[in-house]
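If you're matching them up, the sequences are chains A and E in order.
Take the first sequence: its letters are residues 1 to 501, numbered as in my numbering.
Take the second sequence: its letters are residues 1 to 639, numbered as in my numbering.
The hints are simulated quantities; they were obtained by calculation from the structure and are not laboratory data.
None of the values given here were measured: they were computed from a predicted structure.
Treat the hints with care, since some could be wrong.
Stated by the list, open to error - Lysine to any residue pairs mimicking SDA-like chemistry, simulated, CA-CA at most 20 Å apart:
| id | chain 1 | residue 1 | chain 2 | residue 2 |
| --- | --- | --- | --- | --- |
| 1 | E | Lys170 | A | Val496 |
| 2 | E | Lys82 | A | Val496 |
| 3 | E | Lys537 | E | Trp461 |
| 4 | A | Lys301 | E | Trp461 |
To be verified - Simulated coverage check for chain A against chain E, where a stretch passes if three residues somewhere in it have a Cβ under 8 Å from a Cβ of chain E:
| id | region |
| --- | --- |
| 5 | 138-144 |
| 6 | 263-273 |
We put the CB at the ideal spot given by N, CA and C, even for glycine.
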Amino acid sequence: MDILTLFVVIPVLTITGILFLKDTRQVRLVSAFGMGIQLILAGVLVFAYLSARNAGNTEEMLFIKDYLWFKSLNIHYAVGVDGISVAMIGLTSIVVFAGIFASWEVEFLTKEFFISLILLATGVFGFFISIDLFTMFLFYEVAVIPMYLLIGIWGSGPKEYSAMKLTLMLMGGSAILLVGLLGIYFNSAPGGTQLTFNILEISKVSIPIAAQRLFFPLTFLGFGVLGALFPFHTWSPDGHASAPTAVSMLHAGVLMKLGGYGAFRVAIFLLPEGAKELSWIFIILTSISVVYGAFGAIAQKDLKYINAYSSVSHCGLVLFAVLMMNKTAMNGAILQMISHGLMTALFFALIGMLYGRTHTRMISEMGGLMKVIPFLSVCYVIAGLASLGLPGLSGFVAEMTIFVGAFQHPELFYRIVTILAVSSIVITAVYILRVVAILLLGPTTNEHHEHLTDAKWFEKISVVTLIGSVAAIGLAPFWLSSMIGTSLQPIVDRIVALNPF
Amino acid sequence: MINFNYTIWIPLLPFLMFLFLGLAGHKYFPKLSGILGTCGLGIITLLSYITAYKYFFLSEKIDGAYQKITAVNTVWLQLTDKLHIDMGILLDPISVMMLVVITTVSLMVHIYSLGYMKGEKGFERFFAFLSLFSFSMLGLVLATNIFQMYIFWELVGVSSFLLIGFYYQKPSAVRASKKAFIVTRFADLGFLIGILILSFNTGTFDFITLTDPSGTAIAQGGGIAFLGLSVMTWSMIFVFMGGIGKSAMFPFHIWLPDAMEGPTPVSALIHAATMVVAGVYLVARMFPIYSLSAPVALEVVGYVGAFSSLFAAVIACTQTDIKRVLAYSTMSQIGYMMLALGVSGYGGHEGLGYMASMFHLFTHAMFKALLFLGAGSIIHAVHTNHMTEMGGLRKYLPITHLTFLIACLTIAGIPPLSGFFSKDEILAAAFHSNKLLFAVEYVVAGLTAFYMFRLYFSIFWGKETHYHHTPHEAPATMTIPLIILAIGSVFSGFIPFNELVTSDGKGFETELELIVAIPSVLIGLFGIVIAFIMYKKESAIPDKMAATFKYSYKWAFNKFYMDEVYLFVTKKIIFRYISQPVAWFDRHIVDATMNGIASVTQSVSLRIRGFQSGQLQKYGFVFISGAILLAILFIYLWK
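Extracted from the complex, chain A is given alone in its bound form (with noise of 0.2 Å):
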């Protein structure tokens, strides 16, 4: 069997294996062996894929595997990885061995939440292993559909309203996005040859630029509404506040970026000169998320709330970058899905944890914690600061590259709107200091939060893995993007080619 397969085996074994189990804490001893071998085998991974690039393997993708599937549609079960979905896969498996021990208190029905939780990672797995528009898809529902058992049953608040918000949203994108993938299907073979779903194959041909031009859109809408796109990203603040951690942690460490990374990966690869034509749209409506979405934030209450408005304005930068199209800005988009992926789940791991100790998530409610439980406190000011970009954590590395990459863009108008997009960084500073100072400093406010136990053993580790994540990226990023642009070079080549500024 081959290594990305692999990715997609071991979460349904594991997921087979707690089916058999009775016993809560084998359920949990479970499910942290099956995502530790998930964290081992994405280590392996990206070894043996930059080992097999040093050795001189140039091709676009490595490690594929190709099996027909549905033979009369040419549906075929499609793996193969680059740069980018190595790193995609990475960052999935860190927050999910994160988010296990962050969960490691479920209560409730707790083979049945396990179960739900890994099944969605399966879902996440695969998509980023896929180079089949339509697998692709497949997996891409699987990862949406648990998310509504979860939230829905271990949920907090009005939980239904909030799941079924939620997933209808979602859903809607999705039907947006097939009616997308499935016109680029059907214009996938202009020569009246076999039409195709593969990705690799479509982008060599060139598909008409009227279907371009009515497809771009579609695709790029139905995977931006995942990806927090302005308007669309309302489902966020009420799903996040409603899921329990780990899916909060799953959803917006992971789950958003299927959006960036498909609007990437499909939008703007397989339909170039559609996105080039149009992005002016979807740029105004990125740039707006990225601004609207830090001043959203500065009025919250609400922890949750607060970071799922800084959720939308992180990934409309990740969206923003994208549709940039040239190489740095693209290479800081990843970047910058790799690192909100792991802040944002260190985020509300942290709220979780809080949430469990006070009952609160009222930032008014809670103050002066720093005295009483110092180690996640600690660490909830080194998510903020990694929120807000400081050099030596990873949100610096990424939102730099993407300033500095958007800022080549040759016209005029998209340096201007760069220019607006950068000043976010002074709106999270102010929401991120306003909430730390709160909840963090000063005397400690409410008597009934004198006496909290700082974070357990399984809390460490998964903040612990987090943390260590957003420095060493922050620290030493340069292995990480050159990889990211190794891949990125032949997509950028293909873009320029049709695009020529």
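Since chain A is already given, all that's left is putting chain E on it; use the hints.
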């Protein structure tokens, strides 16, 4: 060629110390961490002195000019084909000079803190943060490229944030740290935009390429114009915005006085001697571009500096918190340095202002750190910051008194102390190029002498105040740094800066210009005399003066209401008129639309549901009436 590879340890050692103390300090050796941090800093101070010696006296000069040496350089992040962020070490006269300043002051502050912070909660955290700051500041001055400088610029910002908010349970300290971070962050936004524009036009971040006077970056600077100014000018103005923020120039100065909430050694190190002069250093670093390619931007530098120095000096005359007086004094003195750069030209004697600015930066670091540490010693003894609650302390604190007096005389520009020489060079540079700025600085010199001696007389002379405990002199760990810095303040004026640190690396001749020097000494003495009359003994004159100039006094005392303006902008405009409407709009318009779609769907489906009632009679009725309807249609209308 001398090997400078070892300089990599100068920034690296504090970084390792930070990680070490930060991760393991509180558990394993809370008491020892102060000693460890100080020893680490001692080592790099020694390394810096060796570097300075080797650079200034042993390294090879080409054409009589000190060369820029890239000791270490490695690509940290490749951005575009041309643009890449490097991490490296650049040695040239100003960076080597800054090495000496930073390590000296930092070492003094470390030693001083051993006594000052003794027994404080979070002792090891304090030293970890100090190490982080030293690392960032050293990385900033040694940067080989503007992006590296920006990176460390942000890091010093966060170190400053952490140290101002060191007493994190004190709400005023938390507010001050937040304010400092956000104000400087806003200014840094300008810096970043400046970098983007600059790199877009020149295709490089590298300082050596950018500032080569005969290079392409400077040659093409006159390019495309926007609002009558060249692109290069715009980018340099934006870059300078970062400098305005970090160096607390008007109008971004409001964070500095509040930053005094931090422990006093921190104020001495960060908010007097090193970090706040980063803006001056930034302009000096980019000086060839300012001077040769963006003269308008350089003029902006000069005027901002001059205005800030006057503005701050006026406020300083009315404040009663001794640390705040010193904070405004710092702002005023940095204004001097900015002004000196603003009136300077490039190369040879033209570059007098540049040399003077660096000279003043050096001497100011010594005497201002001394003043702050002295203030710390006073606060340590009497447990208050307000000079109205002090008086007659000369008997109790003899060493502090003597060193404080030296520092006051130095800042007032009394010869032959170091402040006289550096300030004189600045005045001379201004005198030759811009008479207006010269006049402003002349007035400021008088004001400076006045407010410093107002402070001095109120603390050490004046009325005898009754203290709860008899104040006593600080321990040796605190007085030794005072003495060393006092020696530095007295003698650093004799360092031949005109030979060592000049705009183009070549030495030039300077002479004492009596036409400038004598009046400046006189106005200094005049300020001292006024202060002597008003504050030596308890007298009614200050109150009478305040009453006479009631309104202007009130404005100055309230810092010209700048804080209120900022509060209005942030609280009212941003929070109330932008953020809250955005949040409302999101919930009640965008989200409501989405919910509206859902409820329309739902209500439509409710209507449709009515048809599927499950009642056979109803189905039969509809079926039959439909059939009849169709029959009528077919029979009568289908013809």
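Hints, one by one, checked against the model:
| no. | hint | verdict |
| --- | --- | --- |
| 1 | Lys170(E) <-> Val496(A) | violated (56 Å) |
| 2 | Lys82(E) <-> Val496(A) | holds (18 Å) |
| 3 | Lys537(E) <-> Trp461(E) | holds (7 Å) |
| 4 | Lys301(A) <-> Trp461(E) | violated (52 Å) |
| 5 | 138-144 | violated (count 0) |
| 6 | 263-273 | violated (count 0) |
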